[in-house]
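Position 391 (the sequence shown) corresponds to 391 in the UniProt record's numbering; numbering is contiguous.
Be a bit skeptical, because a hint or two may be false.
[Unchecked claim] Quick list of the computed label-pair ranges, beta carbon to beta carbon:
#, residue 1, residue 2, range
1, 243, 447, 51 to 59 Å
2, 124, 681, 34 to 42 Å
3, 447, 82, 24 to 32 Å
[Claimed, not checked] Think about it this way: if two alpha-carbon atoms lie no more than 27 Å apart in a straight line, the pair counts; the simulated DSSO-like pairs of lysine-lysine are:
#, residue 1, residue 2
4, 70, 222
5, 123, 604
6, 698, 712
7, 112, 613
8, 788, 734
9, 112, 222
10, 72, 245
11, 712, 774
12, 669, 687
13, 319, 205
14, 90, 70
15, 237, 283
16, 698, 755
17, 239, 288
18, 574, 463
19, 681, 756
20, 222, 344
21, 245, 283
22, 319, 182
23, 245, 288
24, 610, 123
Think of the hints as simulated: they come from the structure by calculation, not from any bench.
Glycine included, C-beta positions come from ideal geometry on N, C-alpha and C.
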Amino acid sequence: MSVVGLDVGSQSCYIAVARAGGIETIANEFSDRLGVCEGGWEEQITHANNTVSNFKRFHGRAFNDPFIQKEKENLSYDLVPLKNGGVGIKVMYMGEEHLFSVEQITAMLLTKLKETAENSLKKPVTDCVISVPSFFTDAERRSVLDAAQIVGLNCLRLMNDMTAVALNYGIYKQDLPSLDEKPRIVVFVDMGHSAFQVSACAFNKGKLKVLGTAFDPFLGGKNFDEKLVEHFCAEFKTKYKLDAKSKIRALLRLYQECEKLKKLMSSNSTDLPLNIECFMNDKDVSGKMNRSQFEELCAELLQKIEVPLYSLLEQTHLKVEDVSAVEIVGGATRIPAVKERIAKFFGKDISTTLNADEAVARGCALQVLSQLFREFSVTDAVPFPISLIWNHDSEDTEGVHEVFSRNHAAPFSKVLTFLRRGPFELEAFYSDPQGVPYPEAKIGRFVVQNVSAQKDGEKSRVKVKVRVNTHGIFTISTASMVEKVPTEENEMSSEADMECLNQRPPENPDTDKNVQQDNSEAGTQPQVQTDAQQTSQSPPSPELTSEENKIPDADKANEKKVDQPPEAKKPKIKVVNVELPIEANLVWQLGKDLLNMYIETEGKMIMQDKLEKERNDAKNAVEEYVYEFRDKLCGPYEKFICEQDHQNFLRLLTETEDWLYEEGEDQAKQAYVDKLEELMKIGTPVKVRFQEAEERPKMFEELGQRLQHYAKIAADFRNKDEKYNHIDESEMKKVEKSVNEVMEWMNNVMNAQAKKSLDQDPVVRAQEIKTKIKELNNTCEPVVTQPKPKIESPKLERTPNGPNIDKKEEDLEDKNNFGAEPPHQNGECYPNEKNSVNMDLD
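Please put together the full structure from these sequences, using the hints given.
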């Protein structure tokens with residue numbers, strides 16, 4: 001299984017995966033690294049009312065949201081309310097009008113990304129990391145998670161765009177300082193299609209910590225495009241008397257050309273033309289603009305750039321001189337005026353070392369590696385402060401507590417202890433509604449159920465764990481009630497022993513940060529237990545207490561004084577934690593039944609898309625066949641079909657083409673299969689004749705060469721050639737017989753084929769000739785390649801008087817042994833042997 005990083009943008013999507021050697025960005029079926037947006041503009045212009053785009057910001061919002069009402073006026077497709085009050089998108093699907101939620105539309109997009117990744121990786125993809133804007137609220141994040149669940153993707157983490165960029169920068173720039181260096185502060189700036197985000201991050205000791213993030217959710221490349229569109233709409237109205245806003249296709253074409261012009265002005269300062277043919281009413285339009293005019297037109301937008309930058313420094317308490325580097329990403333940061341403003345604010349050159357478009361996707365993929373190898377620690381930040389509000393048990397007043405401040409470390413957990421006799425409700429909300437780009441400040445209501453008083457009537461201590469999880473979503477993850485159960489001393493369980501030990505304050509508070517200090521004095525400030533630190537609550541509440549406020553001091557209870565009489569034994573108290581169910585009522589959460597229905601619908605659409613693809617493939621096959629044969633019938637295939645069949649086939653091809661673009665435009669798959677079979681009945685024999693005419697001579701030539709080869713060997717055998725005199729005559733007769741039979745067959749079929757015209761079916765096919773070659777080789781090759789038998793030399797035996805060999809062999813042996821030591825027998829030298837050696841020289 002593979003884990004992929006997905007950057008789901010407003011206009012483009014990118015897919016990255018961690019592979020051996022680094023991070024790879026996956027290309028789509030067009031070999032384009034841009035995930036799924038190839039041809040998006042053209043498709044939108046052609047099918048304006050049925051192409052959905054720029055819907056990312058609709059997640060988790062109600063239809064009556066002011067932002068939705070404003071955006072719907074500029075869309076080419078229709079937005080309508082759903083039964084649950086959400087945003088519905090009306091489109092035509094399979095020839096019928098359908099209403100889809102934003103989650104379903106995103107699920108369709110994720111399905112495409114999933115298929116693209118699987119086609120590239122050649123393996124299933126189920127796990128992923130998905131990017132979201134840093135300013136997305138809980139409702140928007142939950143909506144994205146629902147979309148992933150609909151398509152069957154397991155989202156390991158919703159990762160903030162800026163955190164992904166920072167991780168990409170830290171790992172690939174190897175910008176993590178050594179242990180003895182101070183933290184390095186880097187500011188990351190991202191201006192994408194519809195938002196401007198800036199983040200300050202600290203790199204130190206292999207750790208990445210997000211210090212803070214500021215943003216302008218309504219400032220991006222889209223706004224600069226709109227300035228150009230407004231300018232040229234006014235110009236065309238004056239110059240050509242054309243109202244571009246009256247026709248959606250014309251307006252979309254103008255947006256497309258303005259975006260191209262904006263990109264050209266980033267690299268050229270001279271006047272640049274804008275030309276659109278047949279813009280409206282068959283009229284061509286033209287205009288021009290240069291960079292200075294563009295900057296003057298967008299002066300208001302450029303002034304807004306500094307606002308998030310000031311906000312970031314204010315939040316993080318940083319000064320400009322504290323910043324070590326500034327890295328920019330995002331498409332709109334390529335605008336020279338934008339870069340100049342950022343560089344001027346920080347007083348230093350900006351860096352563009354990262355791929356501005358792929359940085360987010362690559363960072364998401366790197367998140368997987370950082371978790372696997374534990375070499376990099378990533379700490380994100382809470383973008384908005386979050387508070388809890390609750391009702392007191394005996395009063396009408398409410399208690400309020402800010403559990404997570406702005407830019408608090410995330411993910412993070414805290415444990416709060418409440419004193420209650422019955423179930424109670426907690427409401428989570430954003431503390432600063434004005435700073436949240438979402439109309440609803442409330443996050444959700446959480447009801448802690450099954451709470452009851454102690455047996456002695458006292459209030460129960462209820463521990464509630466609140467958490468901002470890895471997705472950046474606030475939740476009350478667990479709740480438990482502490483019950484005291486009396487038990488005999490000999491019945492104390494090991495579990496109770498451990499509980500008593502846990503109640504005892506640590507000797508050194510610094511060694512265990514999860515255990516709170518004892519604070520039993522009445523009226524003191526209560527505390528909140530956290531995963532990594534302690535923070536005091538404000539304002540104090542008599543019913544929200546620290547974990548240790550009501551715990552008896554175990555040491556004092558067990559203390560005995562020698563000058564006092566022994567006290568009566570008190571029963572041991574066993575402390576038990578009882579898990580409590582929590583009912584969550586969130587601002588935006590798809591119901592289980594609705595989510596299951598969406599999952600089922602998506603499965604049906606995936607299957608339908610598969611069938612539709614097969615149908616289109618069958619239709620395209622017919623179209624390709626028509627074009628291919630019509631061209632070749634007047635070219636290479638012309639000689640291989642008779643004149644009458646040629647004319648009839650051309651007519652059939654033309655009729656089929658007309659059918660494809662008329663009543664055959666939207667037929668079932670089988671209709672196209674039948675059409676193709678009808679064409680192939682005539683076309684296939686023609687194609688086969690052509691192919692046979694190409695291949696047959698080559699096969700005949702190869703067969704002739706093999707026959708000639710074996711015939712020559714047989715002739716050499718008859719001529720007593722010593723190379724073949726070891727072959728049995730009966731075996732060679734088999735060779736001669738096979739050669740004669742195959743040669744006779746070849747002559748016959750070649751003569752018969754010569755009488756046939758090219759437009760007639762061949763007498764013999766290339767495959768038959770190939771089979772004959774194989775049969776000939778199987779018969780002859782084992783015979784003619786028989787190796788000669790080896791002739792063994794007679795063994796040399798010595799007689800008592802010396803070696804029993806003739807003179808020549810003895811001389812030869814003496815030559816071979818010239819310079820060698822005399823032979824030994826049984827370890828002794830021959831007594832009569834001389835040192836010199838006599839040799840006969842021939």
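When you check the alpha-carbon spacing of residue 319 and residue 182, does it fall within 27 Å? Distance ~16 Å between residue 319 and residue 182 Cα, so the pair holds.
Pairwise hint evaluation, residue 283 against residue 245, where the allowed Cα distance is 27 Å at most: holds (15 Å)
Is residue 245 close enough to residue 288, meaning Cα to Cα at most 27 Å? holds (20 Å)
Could you grab the alpha-carbon distance between residue 319 and residue 205 and see if it respects the 27 Å cut-off? Holds, at roughly 22 Å.
Quickly compare the C-alpha distance for residue 222 and residue 344 to 27 Å and report which way the hint goes. holds (23 Å)
Between residue 239 and residue 288, does the CA-CA distance stay at or below 27 Å? Status holds; Cα separation ~13 Å.
Keeping to a limit of 27 Å between CA atoms, is the pair of residue 698 and residue 755 held or broken? Satisfied, since the Cα-Cα distance of roughly 19 Å is no more than 27 Å.
Given the hint that residue 610 pairs with residue 123, does the C-alpha gap stay at or below 27 Å? holds (18 Å)
Take a quick look at whether residue 112 and residue 613 sit within 27 Å of each other, Cα to Cα. holds (13 Å)
Holds or violated: residue 237 with residue 283, Cα cutoff 27 Å? holds (13 Å)
Straight-line alpha-carbon gap residue 72 to residue 245, limit 27 Å: Within the cut-off at roughly 15 Å; holds.
Is it true that the CA of residue 123 sits at most 27 Å from the CA of residue 604? Satisfied, since the Cα-Cα distance of roughly 22 Å is no more than 27 Å.
Hint compliance for this structure: no hint is broken.
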